[in-house]
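Undergrad: With these hints in hand, go ahead and build the complete structure from the sequences.
Number of protein chains: 2
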Amino acid sequence: MAHVTGEQLKRFSVRVFEKLGIPTKDAEITAEILVAADLRGIDSHGVARLPIYAKRLKLGLINKNPDIKVVRDRPGAAIVDGDNGLGQVVSYKAMSLCLEKAREHGIAAVGVRNSNHFGIGAYYAMMALKEDMIGLVATNASPLMAPFGGKVPLLGTNPLAIAIPAGTQYPVVLDMATSLVPRGKIEIAARKGEKIPLGWAIDKDGRPTQEPEEALKGTLLPMGGPKGYGLALVLDILCGVLSGAAFGGNVGSLFGDLDRPQNVGHFMLAIDVNSFRPLTEFKNTMDSLILSIKNSEPAEGVKELFLPGEIEYIKTKERAEKGFELNPVVAQNLLDLAREVGIAGSETTVETLFA
Amino acid sequence: MAHVTGEQLKRFSVRVFEKLGIPTKDAEITAEILVAADLRGIDSHGVARLPIYAKRLKLGLINKNPDIKVVRDRPGAAIVDGDNGLGQVVSYKAMSLCLEKAREHGIAAVGVRNSNHFGIGAYYAMMALKEDMIGLVATNASPLMAPFGGKVPLLGTNPLAIAIPAGTQYPVVLDMATSLVPRGKIEIAARKGEKIPLGWAIDKDGRPTQEPEEALKGTLLPMGGPKGYGLALVLDILCGVLSGAAFGGNVGSLFGDLDRPQNVGHFMLAIDVNSFRPLTEFKNTMDSLILSIKNSEPAEGVKELFLPGEIEYIKTKERAEKGFELNPVVAQNLLDLAREVGIAGSETTVETLFA
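Protein chains in written order, with the working numbering: chain S, 10 to 364; chain G, 10 to 364.
If you are wondering where the hints come from, they were derived from the structure by calculation, not from laboratory data.
All C-beta atoms in this analysis are idealised placements derived from N, C-alpha and C, irrespective of residue type, glycine included.
Fair warning: there could be bad hints in the mix.
Think about it this way: if two alpha-carbon atoms lie no more than 20 angstroms apart in a straight line, the pair counts; the simulated EDC-like pairs of lysine to aspartate or glutamate are [stated by the list, open to error]:
id	chain 1	residue 1	chain 2	residue 2
1	S	K213	G	E334
2	S	K226	G	E306
3	S	K312	G	E41
4	G	K213	S	E313
5	G	K331	G	E41
6	G	K324	G	E334
7	S	K312	G	E306
Label pairs and their computed distance ranges (CB to CB) [what the hints assert, rightly or not]:
id	chain 1	residue 1	chain 2	residue 2	range
8	G	A364	S	V80	52 to 60 angstroms
9	G	N293	S	E220	50 to 58 angstroms
10	S	E109	G	N336	34 to 42 angstroms
11	S	I61	G	G265	29 to 37 angstroms
12	S	E220	G	D52	53 to 61 angstroms
13	G	T289	S	S355	53 to 61 angstroms
14	G	E309	S	T289	42 to 50 angstroms
15	S	S355	G	N293	51 to 59 angstroms
16	S	E196	G	G234	15 to 23 angstroms
17	S	E113	G	P32	33 to 41 angstroms
TA: In structure tokens:
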């Protein structure tokens, strides 16, 4: 087992990216965003993804030195062409531009094309918090869900992240995919030989299934049936169609499509709170809403109510203070990667890797 | 049975509102929006609501001559104070302002406070379509849903409507509440003595229930558990907290609270497509996305796939061409209302009411 700190993981990730030819500043941004996922407890989107990013970089499927450009520019609107750079580098720049524009006009949106997998949407949405703004960030993704009534996956799980500042309470940070569950949950059930609940997925003929193996050959179901389908579609339009990125069934898969760039599209929106309501009033009202929920009576069998993002804030605090155990498989994969790119010798072990 | 046309219903509704003291122009706006719901097949939100609006007007709970004001104004942002006017009148003005601002800056948002029940959100979102913009409109509502893990209703079903223009295809129009089902579905099950599926609602102790009577004493469940809860909360913040309207458990109920104004809050966003992507390109791409879904293979047992809003476009066309049958109970209620406000004599029947 490897006990690590966020700082160690960041340092390590920066070195890996540098070895892969990413400029230091971009390596730092990407490492910061990956490790933010680990700190939040979203391990699936953290450093566990380093190997696949490395693979795509080595295959030339991601541009190491992208010329990220604003290709359309209005007072409150812009399109950023990511030139196939790392999703994190492209998105960090795009959200920074969005915040700048929102400061001036009260609200702004930026569409992004020619990008890649960007990690957790919450990171970019949360960039708005420091500016006392509300951030909304969405991305499209490779097709895993059929439209409602269909069986052909034409939609990604297209996640949506929204961050809203509060006063003394934690900000509200919602970060959710539009499928009822992630595909990973079905993979876990398959490995354990367990059935899955109806409503998670359909088989390849579009029939409801409780067999994980059949579900994996079929497609995920959206949350709330036609509602989740509608949301996933709208987000695909905002991310893909409005920006000029890939959309529908055409977004490249991070893992699956090792012969072409992903051309992921993102949509970013920033709302300057003070342009709508005096900031202190807003923050006090947020606190009172949050506390009304925290103090409301839990349902039978429930100990405590949580606001969206609260658990991740608690986890981040805990992991930032004490560090955390890296999953042994992930740690081994990182060791293999480190050896491959030449930042670890054959004598290096998982235990000494991040020192 | 009363066979009616949209025009007849509009004329009738205008007369009722005028009799209740609403200025003609405002009466026409409100009638137009109510009847739009009927034409779309959303009968629950159409003229069936005339009696409750009339009741609130007569009780002085809605301001007949509101002084609707922009109380905060930035290039892409504004807050509109509805002065407790009819939700339709207030929202029509607010969305018009939002579209005007978006034309200039590429994107704009308007928050609304001191408003009332506004009918179907889709109407305002669709106002954006004529301007080749994307419209997003949300409202908060009186509490019917508990936060995830709770049992006290602190959130409305807070619906969200999004309208996106297309080329030769119907625009995409999503209009959905954040609860898995509307309360009305549970009331219907109760009347029929049928059980309801798990997942629709919890009883007053927060326990899952299949008994509609217990569910009606409890609260609705959000779609997708914590996801729908998060969405409902975020929409409440945008509609209520950002605008300075009521929020959380405090939004007045259209039917239940006959002793105070509702103070409903709305949030409206308009995105000028051409500020992001050349309009023709966007529309062509929309068509190709829509057709890829229409032409994709349906799941077993499904005949045809529909885009969000497509069924309502078809219904509107059909009802606008041929008229439609008004529900007999609704028709009788309207006759009673017409007699009450003095636009129908005692000899008037449901059959002759709308002539």
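Undergrad: Between E113(S) and P32(G), does the C-beta distance stay in 33 to 41 angstroms?
TA: 38 angstroms, holds
Undergrad: Could you grab the alpha-carbon distance between K213(G) and E313(S) and see if it respects the 20 angstroms cut-off?
TA: 17 angstroms, holds
Undergrad: Hint says 53 to 61 angstroms; check whether the CB-CB distance for T289(G) and S355(S) agrees.
TA: Taking Cβ atoms as reference, T289(G) and S355(S) lie about 59 angstroms apart, which means the hint holds.
Undergrad: If you check the beta carbons of I61(S) and G265(G), does the distance land in 29 to 37 angstroms?
TA: Violated - the Cβ-Cβ distance for I61(S) and G265(G), about 53 angstroms, lies outside 29 to 37 angstroms.
Undergrad: CB of N293(G) to CB of E220(S), is that within 50 to 58 angstroms?
TA: Between N293(G) and E220(S), where Cβ atoms are some 41 angstroms apart, the hint is violated.
Undergrad: Keeping to a limit of 20 angstroms between CA atoms, is the pair of K213(S) and E334(G) held or broken?
TA: Given pair K213(S), E334(G) is violated - Cα atoms ~41 angstroms apart, limit 20 angstroms.
Undergrad: Holds or violated: 53 to 61 angstroms for the Cβ distance of E220(S) and D52(G)?
TA: 40 angstroms, violated
Undergrad: Would the hint linking K324(G) and E334(G) be met if the CA-CA limit is 20 angstroms?
TA: 13 angstroms, holds
Undergrad: If you draw a straight line from the CA of K226(S) to the CA of E306(G), is it 20 angstroms or shorter?
TA: 16 angstroms, holds
Undergrad: Checking one constraint from the list: CA of K312(S) to CA of E306(G), max 20 angstroms. Satisfied?
TA: 45 angstroms, violated
Undergrad: Is it true that E309(G) and T289(S) lie within 42 to 50 angstroms of each other by Cβ?
TA: 57 angstroms, violated
Undergrad: Could you say whether the range 34 to 42 angstroms given as a hint is met by the Cβ separation of E109(S) and N336(G)?
TA: 53 angstroms, violated
Violated hints, in rising order: 1, 3, 7, 9, 10, 11, 12, 14; the structure is consistent with all others.
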